[in-house]
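Given only the sequences and the hints, what does the whole structure look like? Please build it.
So the sequence lines, in the order shown, correspond to chains A and B. Numbering of the first sequence is given in this note's numbering, commencing with residue 1117 and proceeding in unit increments. Numbering of the second sequence is given in this note's numbering, commencing with residue 1117 and proceeding in unit increments.
FYI, nobody ran anything at the bench for these hints, they're computed from the structure. Some hints here could point you the wrong way.
[Stated by the list, open to error] Simulated DEER-style distance windows between Cβ atoms:
| id | chain 1 | residue 1 | chain 2 | residue 2 | range |
| --- | --- | --- | --- | --- | --- |
| 1 | A | K1382 | B | H1176 | 34 to 40 Å |
| 2 | B | D1308 | A | T1304 | 37 to 43 Å |
| 3 | B | A1208 | A | A1246 | 32 to 38 Å |
| 4 | A | Q1295 | B | E1280 | 25 to 31 Å |
Fair warning: this is a prediction, and the values are worked out from it, not measured in the lab. We treat Cβ as the ideally placed atom computed from N, Cα and C, and that holds for glycine.
Protein chains: 2
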Amino acid sequence: MALDDRKLDVLRAIVEDYVATQEPVGSKALVERHALGVSPATVRNDMAVLEEEGYIRQPHTSAGRVPTDRGYRLFVDRLSRIKPLSPAERRAIERFLVGAVDLDDVVHRTVRLLAQLTRQVAVVQYPSLARSSVRHLELVPISTTRLMVVMIADTGRVEQRLVELPSPVEPAGVTTLRQLANEKLVGTRLSDTPPLVQALVEESSAELRPAMATLSTVLLETLVERHEERVALAGTANLTRGGLLDFQGSLRPILEALEEEVILLKLIGEVEPSRLRVRIGDENEFDNLRSTSVVSTGYGPGVTVVGGLGVLGPTRMDYPGTIATVRAVARYVGDLLAQS
Amino acid sequence: MALDDRKLDVLRAIVEDYVATQEPVGSKALVERHALGVSPATVRNDMAVLEEEGYIRQPHTSAGRVPTDRGYRLFVDRLSRIKPLSPAERRAIERFLVGAVDLDDVVHRTVRLLAQLTRQVAVVQYPSLARSSVRHLELVPISTTRLMVVMIADTGRVEQRLVELPSPVEPAGVTTLRQLANEKLVGTRLSDTPPLVQALVEESSAELRPAMATLSTVLLETLVERHEERVALAGTANLTRGGLLDFQGSLRPILEALEEEVILLKLIGEVEPSRLRVRIGDENEFDNLRSTSVVSTGYGPGVTVVGGLGVLGPTRMDYPGTIATVRAVARYVGDLLAQS
DNA sequence: GACTGGCACTCGCTACAGTCGAGTGCCAGG
DNA sequence: CCTGGCACTCGACTGTAGCGAGTGCCAGTC
Chain A
1117 MALDDRKLDV LRAIVEDYVA TQEPVGSKAL VERHALGVSP ATVRNDMAVL
1167 EEEGYIRQPH TSAGRVPTDR GYRLFVDRLS RIKPLSPAER RAIERFLVGA
1217 VDLDDVVHRT VRLLAQLTRQ VAVVQYPSLA RSSVRHLELV PISTTRLMVV
1267 MIADTGRVEQ RLVELPSPVE PAGVTTLRQL ANEKLVGTRL SDTPPLVQAL
1317 VEESSAELRP AMATLSTVLL ETLVERHEER VALAGTANLT RGGLLDFQGS
1367 LRPILEALEE EVILLKLIGE VEPSRLRVRI GDENEFDNLR STSVVSTGYG
1417 PGVTVVGGLG VLGPTRMDYP GTIATVRAVA RYVGDLLAQS
Chain B
1117 MALDDRKLDV LRAIVEDYVA TQEPVGSKAL VERHALGVSP ATVRNDMAVL
1167 EEEGYIRQPH TSAGRVPTDR GYRLFVDRLS RIKPLSPAER RAIERFLVGA
1217 VDLDDVVHRT VRLLAQLTRQ VAVVQYPSLA RSSVRHLELV PISTTRLMVV
1267 MIADTGRVEQ RLVELPSPVE PAGVTTLRQL ANEKLVGTRL SDTPPLVQAL
1317 VEESSAELRP AMATLSTVLL ETLVERHEER VALAGTANLT RGGLLDFQGS
1367 LRPILEALEE EVILLKLIGE VEPSRLRVRI GDENEFDNLR STSVVSTGYG
1417 PGVTVVGGLG VLGPTRMDYP GTIATVRAVA RYVGDLLAQS
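This is the structure we're talking about:
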């Protein structure tokens, strides 16, 4: 059944009021606070329909209405008006982010900024290695059988790993390895690396081949397969806002989920080209997060996407505001990355 | 006034029971569960004295007694018997920590392990740069005016920073800079570096001097002064155990404090030579953490200390168990570090 | 002198009944 | 199709009462 405009207005009003007050909203309060131009009784009828359609519900008889996940979904998709950032917010973003010296620094500042502006939990993924290309590989001999491999990516990411060589390699050998590796790998995307690394081993001289083999195994294992991705988190204290009303009383499952990097990555890491994504309550794939909403988007220099960022909060969140903030921060960070 | 042995026994029993049950403990329950050899009435008299002395208190009249911070302090200092780790725990530690490939990996595993074993919030400081010495400095040219400085410390820490040079430097110049820097700095403690870095600039040739000056500024600023120290955190979800009974109802301040690296560092970073430290409730210097206790110690290869680790939980915590675990984990990590 | 049993007392907790009022659904009339 | 009116529901709050764990004190005993 199609909902007419007024019913949509009513739903919008309910969402807005509920988000603002955190209390079930009744028909009378609604007509008082919003110029709907009709009486409470009419609104009640509309509410009855909205409830039947599953957009709102009553916590208990004789209480006001509360939006359901489905109601928020409709609100986000069709009803929310874009809320422009206040100049103060724009300034805050700028002020907060300029002066970052480091990729680490950028990420940390960003995640704190997001947490602060949205007053929710913020998550920022480091630029994905899979989406980065190699800028330089450095091999630092620690001893004749130990090598520190340092990979510098064009996104600013720097990763290192200790490699235990199968047999001693002289400094000259290390130089050769370094040259060879750089020659072949610089400029390539890490996700494309595996075949190249293979070739690398084959092209090595007989005596260096075992060393190169270990080296490439480590490269593939740790840089491509394993902890590849990193995330930063901030604002968990914001989960306690609104008492225990949100999150049906227990922060436990949420805090647990937030401790799992894998989960965080799934939350914000699945980036389609620059699309902002909102997952509301039940739409979340993790049971622990069924009482939360996640607003996430990709970021990167220009139009490319190198990583994701987003915030997590109660389903009862200020979607327009949060969306605007997330989008703006992502853009700023992208610009920042483009400069370096 | 001196407390006789039985009173101390009573206090110990109260602490143990309260920690176990989380409920105020009364005189009757006490004689039932502990072989004190006296009647409840006698215990009551002892309790009255203990209360007068400030070791225990009554949440309200007609409730049992609860230890005060002071009571816990006495318990920790004089009454707790060392609880040896169970073989299962020992195995858990070993199993969890072997196979770490990386300093990052070691730290992450350690912090999760600690959180899991103690069921509390765990904090692990990365080996302090100030206590590390330089193993190698690598300069990677990104462009003629940009340099990536990578410092590898003997503790396994690797730090990098981008340096914007005041004027272009050719690859040959970079090589010279690298050699000079390594020659002077390798093997020195970072805390001793400042004068050496100064000398470094003076010894550079006229044309390289500006570059070296910028380089050394960056080195000092970022490696010695600024984020120098890092920490890892895990187990925040454990704060929600015990409902809202601990922490007088609000996790907020605690979560806030835990988000501040500075605070975490202060908590666990002030390491006297291998002494284990327990700070109980009020003894904490941060107001936000007045309802928590912190057990921390230093760790490092052999007897030297390169960093701190510890756990944070409700004042009502299992001190003997926590202390044993923290100590054991610190020792294991130290050994692990000694090997690499 | 130290310990014990007994006793009166305190006070938080729970259960229950009663009241209040916000909010609803429904209906008849405009 | 909208509105005002009305009866109804039910959660929130209040006040009362009884229960029971736990205490402090005291007189008596070893």
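#### Entry: Structure-inconsistent hints, enumerated in ascending order
1
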